[in-house]
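Undergrad: Protein chains in written order, with the numbering used here: chain A, 1 to 473; chain B, 1 to 752.
In short, the hints are calculated from the structure, not lab data.
Certain hints may be false.
What the hints assert, rightly or not - Computed beta-carbon distance windows for the label pairs:
no., chain 1, residue 1, chain 2, residue 2, range
1, B, D711, A, R197, 27 to 37 Å
2, A, R205, B, K496, 14 to 24 Å
3, B, R418, A, S159, 35 to 45 Å
4, B, D732, A, R197, 18 to 28 Å
5, A, D350, B, D501, 28 to 38 Å
6, A, A3, B, N484, 24 to 34 Å
Just so we're clear, the structure is a prediction, and the values are computed from it rather than from any experiment.
Ideal Cβ placement from N, Cα and C applies to all residues, glycine included.
What follows is each chain in one-letter form.
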Amino acid sequence: MTAEKILIANRGEIAIRIMEACLVLDLDFVVVYTPEDKESMHVELAMDKSHDGVKRAYCISNYRDPNELFAVADATNATAIHPGYGFFSENFRFARRCLARNRKLTFIGPRWEVIRDLGSKINTKRLAKKLGIPVIPGTDMPIYSEIDAEGIAEELFYSQDQQGVREPSVLVKASAGGGGMGIEEVHDLATFRQVYRRIQNYAKRLFGDEGVLIEQCLRDYHHIEVQLLCSQHGEVVHFGTRNCTIQSTGRQKRVEIAPGFDPSVCNYSFEAEKTLEKVVTHSVKLAKHVGYDSVGTWEWVVTQDGMPYLLEVNTRIQVENGISARIARISGMNDYPSLLEEQIRSAFGDKLGYKQQDISFEGTSIELRIVAEDTRRGFSPWCGTITRFDLPMPSSSWTTHTHVPSHRTYTIPTEYDPNLALAIIWGATTDDARVKAKEFIKNTRIEGSGPHGEKIVTNLDYLENRLQNILIF
Amino acid sequence: MKDTNKLLSHLHDRALYLLDIKQNPKWSGIGELISRLQTLRKKIFDMSHETLIAELKMLDERLSFLEQRAANSLTSYETVNIVRNPARFTLQDILENVYDSFSELGGDGECNVDPAVVVARAVITRRIKNKVYSHQVMVIGHEKGKSEEFRNGGSAKPWGNAKALHYMKAAETEGIPIHSFIFTPGAFPVEDYPGAAQAIALNLYEMAMLRTPIISFTSEGGSGGAEALGLSDMRLMGSRGYYSVISPEGAAAIEGKLREGEKVPRELIERCAENLRITASDNLKLGTIDRIVEEPPLGAKRDDYAFFRRLRYEMIKATDEVVLRTKSLKAFRAYAMKTQKNGHETGFEDIDVVIDWGLSGPELNRLLDMRSQKYRAMGSDFYIEGKKGIVDGIFKLTEVAAAGFYELRYGLIRPHERNVRKVLAEVSSEGTTFLKKVAEPVRAAYDFIFPQTEKNQRINRTHETSTRSIFIEDWEPYVSPLANEDRTVTCPNAQKYGCLDLWVPDLYGEFAGVCPTCGHHFPLEYRWYLEHLFDRKSVAEFNRHIASGNPLNFTGFEKKLEKDRKKTGRCSSVITFDAKVRNIKIVTAMFYSDFRNGTVGAAEGEKFVRACDKAKMTRRPFLAYIHTTGGIRIHEGTVGVSQMPKCTLAVREYVESGGLYIVVYDNNSYAGPVASFLGAAPYQFAIRSTRLGFAGPRVIRETTGDDVPPDYHSAKNALKRGHIQGIWDRRDFRKKLHNALLTMGGPNLYYK
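The following block holds chain B by itself, in its conformation from the complex:
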């Protein structure tokens, strides 16, 4: 009797799970099946044992058939339902089953900096023959919890990500690999001390050059929140997991242009889920993950021990591979042969070799090189590069020549020159008359051969001051087209400060879109900045031909792209160019709103990385000016998301090589880019009108249920919480930028 009861409830659970996935009681009579199970449960004592068994067997067969059918026609949205199901395994299960022992760090249940992020030192073992070998690893991941409110569904708060970073650094110091597990619907969009974007950006920036192997496993990868732990040398993903730029509901709300509170139609959500390419196999095709860990057809649950065994095997194998790649090629090949042979015979149960996961200095360098190459390659198939043929060849040739020139000039001669001067200065400053006698002529001869530029001398007064006159700059010939209207506008602060109505030609002409009374900034188009920020005719665009495409074949997106291409005459939302600011040469990447609202996709990421590399090659300061960015382009899905680590890596390499990276925000700067390659900059400034943050007010309201004050994303608040380093007025943007280049540059920067 007891057995049948258990059997019955087990069947009931399975049926409900299937219903949860399908979310449609009418599908193949699943609803009817469930009601039959329920009536059976009521009548369980009235029936004879035999009939009950027969009935249960019949139902079991039918359910299995339905499960089979469901698994065969699993849609993307159903995958999302699997992942969201409370029966799915969590990090806790992995810690208990994949690792042999673990001790949680920095938290115990509710008593935690952020219960959504769990960190543990764990031991993972492999058995070879009868011997057991164990490795220490740092496990970092999101914990969705078992319907525990305080876990926040795995949404990491900024301090949770900071905690993760803290232990990542600990792992780096100890030289143990990091296993990160991603179970997050997205980061918790709170702007605090620090804000969500800041924390994620900092994580990415640090992980870009974290000197230890990182292996990640994704079950639920929600955009920015996933990236905060997900930058890794090997990216694994559960076969029934999803990894996406945005939740299908969010995408549907944007696509359907729905207002807040409106119900999103189910079909639209399903279509978006399909279009976003969020499943594991899609992501593998897109190249955003490296390997899939097979799960049961309808997803692994908490008690799926076979899956955990497989996961352990995959984690060890992935770590082995990452470690071995840094070693010589020969060893790696031998290992590959061996695992292949064994893999066929004994499945994933056993691994025959023991690899030491500790890495030496040069190996770590190689690891970082490979990490960089891996991310730089991401999304490289998904933008359209127009130029081909001879022109392309010549272009490449000049690029190579330029690289050689700059390497010679700054890489070889300049440091050498610096060193010689240093030695000379040291020798002659000793004060010994004898040495001075010897050193002076040498020094004189050296100065003759390599004359120092006379920049430090007293500047020619008239020349210097004339370029700084306030009167020459006040009346620039470029006037915004907004100014061609004879009307007045009312300053939004008129009530508070008594500003007079502004006449539009004055406002957008001479006042640079700034209310002269209260300093309120009205938005201006990006061309204004191109003309006013840089020296006249010094802007030379490059990589203009790299165009945004439609990598996911998102329905209807081609048309939208075409429209924007026509509107702007450009083919991506970033303009990269060489320019001069009061005669200082810089490389600039400018995100502007007219093209897909300044969103970042594969083409934009590639252009940004190339601009960054160009700045690195030419030893010039690199400015990222954000006229507007709406985040990662959702139509490019995870290809877009992978631009976050990609660009952050490029930026980190540039900064590490000694470059000066300045970010200036304007208008609206939100989401992915701010939470990665922009937010990671050591010097970030904002124009007064900036609204800056991780998620907009609507998303915050929808995820946290709290309303935010109207100035929540203002530049002032960003300054208060330490995201930006200063607020600039648009009217003296150029002056401030020049000043920043002078003061932050200085003699230690190689461009000087």
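Isolated chain A (complex conformation):
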């Protein structure tokens, strides 16, 4: 590769992982940090790993200000920007600006048009419908007329009745909303209008657009993801499926398992293998249709009767990319792949060099997200200083990713989520992985104290509990 230099526009463990990927690929890099994140390991590592005396960490005021990022990129002569996840990773304007500015930068991610088109759930849904991919029954356009809306609700109730759904209900959502704002459930057609008007007014007031979406409300479903990797040369491969059903109340994932279903351990009321196959085929179909050219995740819900519905597409690298890579083997390569490295390679226009047939899957991998939060009190974040942070040494059974230093104390910045570490555990079978995960949790030592001397609260016990019943409803 040529003299590329990547600006890592993110924080925490993903910044460290991108940095490591850069070192493997022999690319120069530069990181940014905010004053609150000064203690974070990614800053220390960036300083550490360059023995040439070149400054590789720059302080900015805000990770969310594109102007500062571009200023750093220009000042350091960076040629590319890796957005990581969150922040600018799914911001098509940012990606577009990378290309449209006078000093062009490579945006490590998909083309901006793809980010834009798949970034909108409504648009994705419409596109999927066109390709015959199953989506959650409901509207694929914002509805502005009450009469239309009621007609749709009526149809949804009728079809649920036909399918024999026990408690039929529909969701009324503000189309311009997001993050759970402006969503209400309706159980009875008689109360529909009332709810519709409420949501419409709410949407008009908050988002300036009174468009409303109406969807069937699904219950007790599995959250299945498909990991895709595409290159700019039209190559599309998948790295299997993941099950991300275990989430906090704020819809934050806590435990992820690859592959998505394991019929050898659990009993399913449907043909699990076939469902996964269907999910993967549909995802690849959509990716090929839009000309996808980076890593991406297709999110699905699978209901109890084994019906998959496309939820949305995440046009970025994800936190849990590690587990999909962990169970994959590419013929001709010694180790399991790194999706981050593959993403960077494909962004610079490299070919993948392997096909779907070359990829095989082996074992089960579980990811645990260790977060300083009180799971018993609505997952409320905990803030304070960590005095001891000992994770079990990496082995063939597990690897860890963290930005929390183990050799010194670390104060969790209040500005960001209190994520502490990721553990990626691998076992030959699901049961094996589960045992190893429990062992990992047992050997993890985290100590610390809050501003008033209270003990640190983490979600380790919650994770252990949830490991009991993974992969089943």
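For chain A, the structure is supplied; the task is to place chain B on it using the hints.
TA: Positioned in the frame of chain A, the structure of chain B alone reads:
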């Protein structure tokens, strides 16, 4: 001894008056003359009576000579000085001397809604032989007062104009003519509840169809303030009055591009006064007034009783004429012959016929027709209409054909159809089985012949929603040229709301020039609106060939026009076109800033009126979109000012005929247009970035001496004081407009 003293002070007054007019003590030794008079006054007791008389006589002769000389070479600026002189007659003098008796309404001196506007019911009499005939009239005018501070120099406040309107309506109810007297340097530029522009616009809008004769007399006509009372059937003007779009000082400040506080050079003011064509004879030539009332060579003063007699005669004659024009032609002609004959013999002293000033219904209709024609003709010689010949002929022909078509379609068939349906609905809803039996087949047959459009039926879902998708509209192919720059700008509200710096291509591209954090609107060029507001390729411009000219031969203005013509490729500051907004056909007039800052002159007025008439003919909603307007074009003087009533009349006729007139303001909208045909609209909206008002902050500071807060002209304040009916965000301008057309249109509008 006493006599000489009086004589002396009289001479002194005359000399000072002359000095006031000339404003130059060196002119023909006037200064020296005055100092001689002053020394004479000191020595008056030392001199003998005879020498004093001789001396005074000599001085009198010399002064008379100077007065003669001054009157012969009177410049425009000197006319302004005459008008501004405190010795000039005011409305009070007119009320006392022209009218036989009067009672002031709604005020007594300082105790008044607005002492600058005086309203009175008055009686004006004419003597025929030995008999006296009297008429009741409503006198409305500005009172400059006799150096009384509270009169505000005749600058009417908004509520003063509202008061005038109130009594105009009273006169309409009582069926008596209105005599309005204009003595104003301009309206008081205060934005209150209501604002100056609102009040003037409302006055014009109402006067446009006020069903009673209006006669106006102008002594000092300062632009908008004068128009608020000046829309009339007969416009008289004192021969030493002035009527102008702006004060010569104001024009000079603009022409010289002077900054605030800088002294305006005297020569520039004089040149501007000359160029503005503000005198009575100039205005008569321009056609903005109908008749001149002769004054003494150096202007009428308070005690000029001969002038007041003449004014009474002229006012009666003008009212007679207006009244008679509405009657049959024959009567009018007979009257004209008679007055002509008498006029020659006895001067203006006597009028031989008595005319009843009350008018009947059809006569009032004729009066309004003539008022409309009179104003529509104003300024018609002062724009350049390029197209001539065959093309023009064909154009005219198609226009006539179109008028016929629309008249047939909407004027005849549609109301007829509506009536038939109404009768059918009434008959069949009676519930009588017998009637139903008869009515049903008739109704069915009627529905078969005239099928109703199926608009009210449930709309095809996919089609309807697809046109409303937020995703199709978000990415339009037209991108403002402002976006072609790789740089960032800082939002002015960054301190307050913490807005991040905006990248210019995003800001002027996708964000439509609006800060996504705080909603601050950055200005955008007018082309953006042409492309984004209307359906693609639906904009069809008409009357493009009507061009702005230089009617006053204003020095140096040709060059400026040429420059703007080259810059924009257009020849006036308004674009009129047919367009569609989500498939609703509308007629639009768009004022934009690139051409003379969106100012209105004869060409713009004409285009606006034609667009308005087209909307009326085709029965379509009419949108006036104001990208920017800087007011009336000062280089067109009173020709420009007369566009205010002209356009307001057109608008009023359109609205009266059932049209939907919507005004949307953006950027800077000030002065004349806002105070007339725009401010008169029943539905006015503003884009968030709008600055809207009568006069800018600088003018307010200069006239009132008060500083205004920075958000004085903001859209929010305009909404608060009730000028506009709503504020729109630029990003959903199109959606809001469409919605407005749907909700304000409705089945009662004929375009539906």
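Undergrad: When the hints from earlier in the document are held up against this structure, which numbers fail?
TA: none
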